[in-house]
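Could you build all of it, start to finish, from the sequences and the hints given here?
For the record, the sequence lines run as chains U and H. So for the first sequence, the numbering used here puts the first residue at 10; every next one is plus one. So for the second sequence, the numbering used here puts the first residue at 10; every next one is plus one.
A few of these clues could be false.
To be verified - If the Cβ cut is set under 8 Å, some of the chain H residues that face chain U in the computed set are:
#1 V13
#2 D15
#3 V33
#4 I39
#5 G42
#6 K51
#7 A59
#8 I67
#9 M68
#10 I69
#11 E78
#12 G107
#13 G109
#14 P111
#15 V112
#16 V129
Stated by the list, open to error - Reference listing, derived: stretches of chain U covered by chain H, where coverage requires no fewer than 3 residues with Cβ under 8 Å from a Cβ of chain H:
#17 18-32
#18 51-59
#19 107-117
#20 124-135
Since the hints were made in silico from the structure, they are not lab data. Since we're looking at a predicted model, the values are computed, not measured. Glycine included, each C-beta is placed from N, C-alpha and C at the ideal position.
Protein chains: 2
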Amino acid sequence: MKHVVDLAWTDNVAFETDMDGHKVVIDAGIDSGGSDLGPRPKKLMLTALAGCTGIDVIMILKKMKVEPEAFNVIVEADVTDEHPKHYHKMKVIYQFKGKGLPVEKLEKAVKLSEDKYCGVTAVYKKAMNVESEVRVVE
Amino acid sequence: MKHVVDLAWTDNVAFETDMDGHKVVIDAGIDSGGSDLGPRPKKLMLTALAGCTGIDVIMILKKMKVEPEAFNVIVEADVTDEHPKHYHKMKVIYQFKGKGLPVEKLEKAVKLSEDKYCGVTAVYKKAMNVESEVRVVE
Chain U
10 MKHVVDLAWT
20 DNVAFETDMD
30 GHKVVIDAGI
40 DSGGSDLGPR
50 PKKLMLTALA
60 GCTGIDVIMI
70 LKKMKVEPEA
80 FNVIVEADVT
90 DEHPKHYHKM
100 KVIYQFKGKG
110 LPVEKLEKAV
120 KLSEDKYCGV
130 TAVYKKAMNV
140 ESEVRVVE
Chain H
10 MKHVVDLAWT
20 DNVAFETDMD
30 GHKVVIDAGI
40 DSGGSDLGPR
50 PKKLMLTALA
60 GCTGIDVIMI
70 LKKMKVEPEA
80 FNVIVEADVT
90 DEHPKHYHKM
100 KVIYQFKGKG
110 LPVEKLEKAV
120 KLSEDKYCGV
130 TAVYKKAMNV
140 ESEVRVVE
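As structure tokens, this is what we get:
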């Protein structure tokens, strides 16, 4: 199977594309010569990772009949100082809120995503160290 | 330097975040149990790459006083058949439209982005083969 995206230059240094029927605009910040019409592209790598593993985990938890009150996926990434400035280390924090949540099931869902389902994690792990942490807040 | 994203689970299996002041929603498709409120996360990896290198190239061409009539960055990515289904090969097509465009300068701008500036290319190249092609259409 192939996935394809086609980004069209629209104005100054901004680009636009259609993703699954949703318009996505990418731009540089004003201080870098852009017009800030959309988010920066590099950080989208982190949103891709958080979204991919987040959807996996919440789907697995639904099957386990576990429903947190709130759930956040936070990705912290270290950027190199030298060009090309790129991510060389990431940490994924799975933060669940709720009383009496079954921590073992949360950890199992995270591990299933990391090892079996999340195709974004699979690629990034080939390129760098990707750590993770499960946090439960009452 | 660190980059951080924080995606919050909002509804069913959808997530939302703020990126540089822009709301971004990620969701699964309806046939996968989602509500299609936003794009799928994995393909965002391709938008990150196209946006990153596209912004580089158009900025470099501005400095070279080269302005195409149109410019698209198309990324084609091959997905593995087995879980975790992930990209294992990519091709980046830089498609310029315009009459009498200086092809050498276009190629130089692309090469500078690939080798020196684009931090997304740098990561993906550690994980897989990333090819590129410069296409000029009159």
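Against the structure, the hints:
Because the closest C-beta pair between V13(H) and chain U is about 5 Å apart, less than 8 Å, the hint holds. Interface hint status for D15(H): upheld, as the beta-carbon distance to the closest one in chain U is roughly 5 Å, under 8 Å. Against a cut-off of 8 Å between C-beta atoms, the interface hint on V33(H) holds, since the closest Cβ of chain U lies about 6 Å away. Residue-level restraint check for I39(H) is violated (minimum Cβ-Cβ distance to chain U is 10 Å; threshold 8 Å).
Annotation: interface hint on G42(H) holds; nearest CB of chain U at approximately 6 Å, less than 8 Å. The beta carbon of K51(H) comes within 5 Å of a beta carbon in chain U, closer than 8 Å, and the hint placing it at the interface holds. Restraint check, A59(H) versus chain U: the minimum CB separation of about 4 Å is within 8 Å; hint holds. For I67(H), the suggested interface contact is upheld, since its CB lies about 5 Å from the closest CB of chain U, less than 8 Å.
Below 8 Å, beta-carbon pairs count as interface contacts, and M68(H) has one with chain U at about 6 Å; its hint therefore holds. Of the supplied interface hints, the one on I69(H) is violated, with its beta-carbon coming no nearer than about 10 Å to a beta-carbon of chain U, more than 8 Å. The criterion of a C-beta within 8 Å of any C-beta in chain U is not met by E78(H), whose closest approach is roughly 10 Å, and the hint is violated. Because the closest C-beta pair between G107(H) and chain U is about 12 Å apart, greater than 8 Å, the hint is violated.
The restraint placing G109(H) at the interface with chain U is violated, with a minimum CB-CB distance near 19 Å, outside the 8 Å limit. At about 17 Å, the closest approach between the beta carbon of P111(H) and any beta carbon in chain U exceeds 8 Å, and the interface hint on this residue is violated. Using the Cβ-Cβ criterion of 8 Å, the hint placing V112(H) at the interface with chain U is not satisfied: the shortest such distance is roughly 18 Å. About 6 Å separates the beta-carbon of V129(H) from the nearest beta-carbon of chain U, less than 8 Å, and the hint is met.
Coverage of a stretch by a chain is defined here by at least three residues with a beta carbon nearer than 8 Å to that chain's beta carbons; for the stretch 18-32 of chain U and chain H the count is 8, and the condition holds. Chain H is given as covering the stretch 51-59 of chain U, and this holds because 9 residues of the stretch bring a CB closer than 8 Å to a CB of that chain, at least three being needed. Given as covered by chain H, the stretch 107-117 of chain U fails the check, having 0 residues with a CB less than 8 Å from a CB of that chain where 3 are the minimum. Only residues whose beta carbon comes within less than 8 Å of a beta carbon in chain H count, and the stretch 124-135 of chain U has 11; three or more means the coverage holds.
In this structure, the hints that do not hold are numbers 4, 10, 11, 12, 13, 14, 15, 19, in rising order.
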